[in-house]
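Visitor: Here is how the chains run, residue by residue.
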Amino acid sequence: MSTIEMPKPDRSVIDRKALIVDALCKVLPSDSVIFDEHETRAYECDGLTAYRCPPMVAVLPRTSQECSAAMRVCHEMNVTVVPRGAGTSLAGGALPTADCVILGTARLKDVLEVDYDNRIIRVQTGVTNLSVTGMVEDDGYFYAPDPSSQLACAIAGNIAMNSGGAHCLKYGVTTNNLLGVKMVMSDGEIVEIGGGAMDAPGLDLLGLICGSEGQLGIVTEATLRILPKPEGARPVLIGFDSAEAAGECVGNIIKSGVLPVAIEYMDRPCIRVVEKFAKAGYPLCEALLIVEVEGSEAEIADQLSRITKIARALNPVEVRVSESAEQSALIWKGRKSAFGAMGQINDYMCLDGTVPVSELPYTLKRIGELSKQHGLDVANVFHAGDGNMHPLILFDANEPGEQEKAEAFGFDILRTCVDVGGCLTGEHGVGVEKRDLMTYQFNADDLEGQMQVKDVFDPTWLLNPSKVFPLQVSAQRRAGRS
Amino acid sequence: MTAFAAPTTETAVTEAVRAANSQNTAVQIIAGGTRGRIGSLRSGYECLDVSGVAGITRYEPGALTLEAKAGTPIVQIEAALDAENQMLAFEPMDHRTLLGTSGTPTIGGVVAANVSGPRRIQVGACRDSLLGARFVDGAGRILKNGGRVMKNVTGYDLVKLMAGSWGTLGVLSEVSLKVQAIPEAQATLLGQGLNIETAVQAMSAALGSPYDLTGAAFKSAGGEAMVRVEGLTESVAYRVQRMQSEMCKGWRVVEGSDSAALWQDVRDVVPFAGREGAVWRLSVKPSDAPALLEDLGHPDAICDWGGGLVWVLVDHAKDVRQVMTKRGGHATLVRANTSARSTVPVFHPDPAPIAAITKGLRAKFDPRGILNPGLMG
Numbered sequence: 064m065s066t067i068e069m070p071k072p073d074r075s076v077i078d079r080k081a082l083i084v085d086a087l088c089k090v091l092p093s094d095s096v097i098f099d100e101h102e103t104r105a106y107e108c109d110g111l112t113a114y115r116c117p118p119m120v121a122v123l124p125r126t127s128q129e130c131s132a133a134m135r136v137c138h139e140m141n142v143t144v145v146p147r148g149a150g151t152s153l154a155g156g157a158l159p160t161a162d163c164v165i166l167g168t169a170r171l172k173d174v175l176e177v178d179y180d181n182r183i184i185r186v187q188t189g190v191t192n193l194s195v196t197g198m199v200e201d202d203g204y205f206y207a208p209d210p211s212s213q214l215a216c217a218i219a220g221n222i223a224m225n226s227g228g229a230h231c232l233k234y235g236v237t238t239n240n241l242l243g244v245k246m247v248m249s250d251g252e253i254v255e256i257g258g259g260a261m262d263a264p265g266l267d268l269l270g271l272i273c274g275s276e277g278q279l280g281i282v283t284e285a286t287l288r289i290l291p292k293p294e295g296a297r298p299v300l301i302g303f304d305s306a307e308a309a310g311e312c313v314g315n316i317i318k319s320g321v322l323p324v325a326i327e328y329m330d331r332p333c334i335r336v337v338e339k340f341a342k343a344g345y346p347l348c349e350a351l352l353i354v355e356v357e358g359s360e361a362e363i364a365d366q367l368s369r370i371t372k373i374a375r376a377l378n379p380v381e382v383r384v385s386e387s388a389e390q391s392a393l394i395w396k397g398r399k400s401a402f403g404a405m406g407q408i409n410d411y412m413c414l415d416g417t418v419p420v421s422e423l424p425y426t427l428k429r430i431g432e433l434s435k436q437h438g439l440d441v442a443n444v445f446h447a448g449d450g451n452m453h454p455l456i457l458f459d460a461n462e463p464g465e466q467e468k469a470e471a472f473g474f475d476i477l478r479t480c481v482d483v484g485g486c487l488t489g490e491h492g493v494g495v496e497k498r499d500l501m502t503y504q505f506n507a508d509d510l511e512g513q514m515q516v517k518d519v520f521d522p523t524w525l526l527n528p529s530k531v532f533p534l535q536v537s538a539q540r541r542a543g544r545s
Numbered sequence: 467m468t469a470f471a472a473p474t475t476e477t478a479v480t481e482a483v484r485a486a487n488s489q490n491t492a493v494q495i496i497a498g499g500t501r502g503r504i505g506s507l508r509s510g511y512e513c514l515d516v517s518g519v520a521g522i523t524r525y526e527p528g529a530l531t532l533e534a535k536a537g538t539p540i541v542q543i544e545a546a547l548d549a550e551n552q553m554l555a556f557e558p559m560d561h562r563t564l565l566g567t568s569g570t571p572t573i574g575g576v577v578a579a580n581v582s583g584p585r586r587i588q589v590g591a592c593r594d595s596l597l598g599a600r601f602v603d604g605a606g607r608i609l610k611n612g613g614r615v616m617k618n619v620t621g622y623d624l625v626k627l628m629a630g631s632w633g634t635l636g637v638l639s640e641v642s643l644k645v646q647a648i649p650e651a652q653a654t655l656l657g658q659g660l661n662i663e664t665a666v667q668a669m670s671a672a673l674g675s676p677y678d679l680t681g682a683a684f685k686s687a688g689g690e691a692m693v694r695v696e697g698l699t700e701s702v703a704y705r706v707q708r709m710q711s712e713m714c715k716g717w718r719v720v721e722g723s724d725s726a727a728l729w730q731d732v733r734d735v736v737p738f739a740g741r742e743g744a745v746w747r748l749s750v751k752p753s754d755a756p757a758l759l760e761d762l763g764h765p766d767a768i769c770d771w772g773g774g775l776v777w778v779l780v781d782h783a784k785d786v787r788q789v790m791t792k793r794g795g796h797a798t799l800v801r802a803n804t805s806a807r808s809t810v811p812v813f814h815p816d817p818a819p820i821a822a823i824t825k826g827l828r829a830k831f832d833p834r835g836i837l838n839p840g841l842m843g
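Protein chains in written order, with my numbering: chain G, 64 to 545; chain Z, 467 to 843.
Don't read these hints as lab results, they were simulated from the structure.
Watch out, some of these pointers could steer you wrong.
To be verified - Some, not all, of what chain Z presents toward chain G, calculated at C-beta under 7 Å:
#, residue
1, 610
2, 619
3, 676
4, 814
Built from N, CA and C at the ideal position, the CB exists for glycine as well.
Work the whole structure out from these sequences, hints included.
Guide: Given below as structure tokens:
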């Protein structure tokens with residue numbers, strides 16, 4: 064059923080499985096090496112569940128040294144390694160091959176340092192995104208990047224994919240909040256880059272590593288910025304009769320100088336499903352915006368009044384300012400349950416392209432046309448403030464051919480994003496899902512330049528080799544390994 | 467220094483780099499020339515002047531994005547932004563005052579040196595506002611990375627790699643930046659009679675508060691600490707009043723253009739301009755700043771970023787880097803006489819494994835080592 068290809072597993076590696084397991088067991092505690100075929104199945108997929116393949120072995124180190132030791136073995140025995148955080152990637156970033164070792168960060172769970180004077184926290188990267196905030200919130204701080212999967216996803220994966228979230232509009236994505244890493248290189252060497260200072264010397268390797276999808280090294284420790292919590296936050300819900308009006312409203316808010324922490328968008332198909340599921344009291348209209356601002360009570364009131372004034376000039380069907388914590392929760396409840404609600408009624412594929420904010424109305428219109436053309440419904444829910452779209456393509460996974468149809472539709476949407484000056488992925492990463500579209504956004508030189516970076520960090524292409532770059536484009540380099 | 471080429475288009479840059487390649491000619495990339503005195507002393511290079519590759523190519527105020535060719539003067543970009551009540555949020559330093567240079571700072575120079583000002587603590591550095599870049603690498607290839615959208619994780623982030631690479635990986639031809647609305651109001655609270663220890667404490671308390679500072683600095687001369695808030699008028703007034711009753715008791719309020727002038731002074735390290743001595747730029751954990759200044763014998767210092775960015779004015783012969791080693795962080799020798807620049811590495815030497823990666827990357831993007839060789843060491 065699948066249309067995304069993975070390379071054929073290397074028989075000569077699988078034949079050496081016993082030797083490889085032995086070598087790994089020599090350098091790791093026995094409970095850290097998983098090789099039983101029933102147990103390795105737990106690692107057969109990530110959030111992109113349409114694609115599955117149990118790895119040959121999975122290892123779960125507890126320290127950077129153990130991670131280094133495991134990597135050294137794989138390097139010596141010429142075995143590919145697929146790094147894995149919590150396995151929530153929607154792009155198949157942690158999808159194994161049958162001849163690989165999964166190197167999971169699940170047991171790298173220590174908080175190493177909390178430093179309020181310098182507003183940083185140092186953690187092992189297996190900790191979840193939300194637990195970082197959990198560690199410091201009683202003292203009035205938080206960690207800003209907030210991907211929807213924050214309850215489950217690991218900092219390791221956040222760094223690999225340069226994860227974003229709804230509140231990135233103000234606070235930036237992972238790369239803007241990462242100050243340092245300890246990283247295991249493909250030959251097992253442990254390097255440290257950056258730390259407690261606001262910048263690191265030399266080339267910006269930290270910026271290069273963040274978002275490199277586990278292809279340049281395995282980040283085992285991270286120094287993250289933590290920020291003081293705002294005094295309060297409150298959203299306003301604004302409904303419009305047209306996508307154009309909503310798009311104009313977003314542009315006008317941004318231009319006005321008010322800086323909301325989030326501007327979220329939902330279209331009619333999404334509102335309909337979410338309303339049934341969450342009963343948030345959303346008006347059934349063409350486009351719904353949730354705009355959240357932060358500050359003291361007076362600051363919030365001031366910002367919300369400016370925003371509602373901008374909105375009212377565009378004939379909204381509804382403007383509902385939250386007046387209490389309960390109302391705020393209700394307004395967010397619908398948005399936060401959107402993916403879950405959609406999953407209740409349908410299989411869906413969640414896309415992640417970004418477009419210039421000015422192109423939002425056109426892109427939505429084009430998605431509507433493509434929906435008719437492909438004969439599949441689509442619902443839109445996304446971060447409008449930064450143009451990061453999440454069209455949800457609805458299909459029936461049990462119906463033969465539907466998955467392929469949905470993928471083809473998705474590819475057309477992502478091509479549209481590139482056509483209007485945007486990109487294939489805003490926060491989920493390329494993984495395997497968007498791998499084969501890379502040639503649409505980049506020319507051969509651009510891709511070669513990126514692959515040369517991998518050549519420097521991982522000369523034999525052991526780390527997550529079948530991701531990001533189309534298989535044909537990376538074939539020679541991967542073949543060079545054997 | 468002789469002029470090797472002065473291209474006015476990206477294609478011409480490519481031709482110039484290819485020519486340099488085939489002749490094995492090392493070039494120094496220059497546009498405005500205002501930062502040319504930073505970096506190790508070098509000789510035997512020719513000059514690749516890219517100031518002609520200039521002009522704003524696209525500006526969408528509603529999307530908060532601006533694209534410009536690398537040689538575009540900052541003043542031109544700021545004028546275009548100002549007309550729409552927007553700005554470069556990262557407040558790039560103008561090095562002319564400190565270095566005594568003339569010429570016109572360009573956006574390419576700002577990006578190549580990742581030049582960032584006091585607002586770094588809130589909005590990030592230049593690299594955090596940089597959305598996309600086009601550049602010609604040392605082999606003459608035109609490469610593009612990133613784009614003009616706010617969120618983009620498509621492929622490796624070579625955009626960040628280019629920011630602060632000082633032209634050692636490629637010649638920037640065009641950049642795309644995130645811009646921001648000019649805040650409606652700003653105010654600075656000024657505290658007197660502080661020392662580095664009490665100042666860092668006060669700044670940390672303010673930075674740890676919910677009042678969303680956009681500047682926190684201290685000047686050792688006069689013992690003056692300052693913190694800035696910006697935003698909507700009422701909000702600024704509210705936050706000033708809160709801070710005055712909490713961590714900034716008795717501090718004086720300065721508003722509007724007077725406040726802006728104070729920060730321009732810090733941004734451009736104006737107090738060290740025209741004064742004898744070497745100027746070092748130190749990047750440290752803010753809480754390390756007091757001990758570091760003590761180790762250095764309490765030189766004249768300007769501390770930005772809440773104490774995380776320390777500018778010191780010292781004797782040319784003093785090796786500040788040697789002294790700071792045990793504290794961590796890194797040091798750049800930004801201004802010094804010829805003798806100091808030829809004995810001390812200007813940029814902080816990388817530890818061996820990092821140096822190996824750096825060398826590897828340079829070998830890929832500049833295989834013949836013709837772009838700004840020796841500049842970063």
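Visitor: If a hint holds in the structure, say so; if it does not, say that too.
Guide: Hints, verified against the model:
1. The beta carbon of residue 610/Z comes within 6 Å of a beta carbon in chain G, closer than 7 Å, and the hint placing it at the interface holds.
2. Checking residue 619/Z against chain G by beta carbon gives a least distance of about 5 Å; that is within 7 Å, so the hint holds.
3. Hint on residue 676/Z holds. Least Cβ distance to chain G is approximately 5 Å, under the 7 Å limit.
4. For residue 814/Z, the interface hint holds, since its Cβ comes within 7 Å of a Cβ in chain G; the closest pair sits about 4 Å apart.
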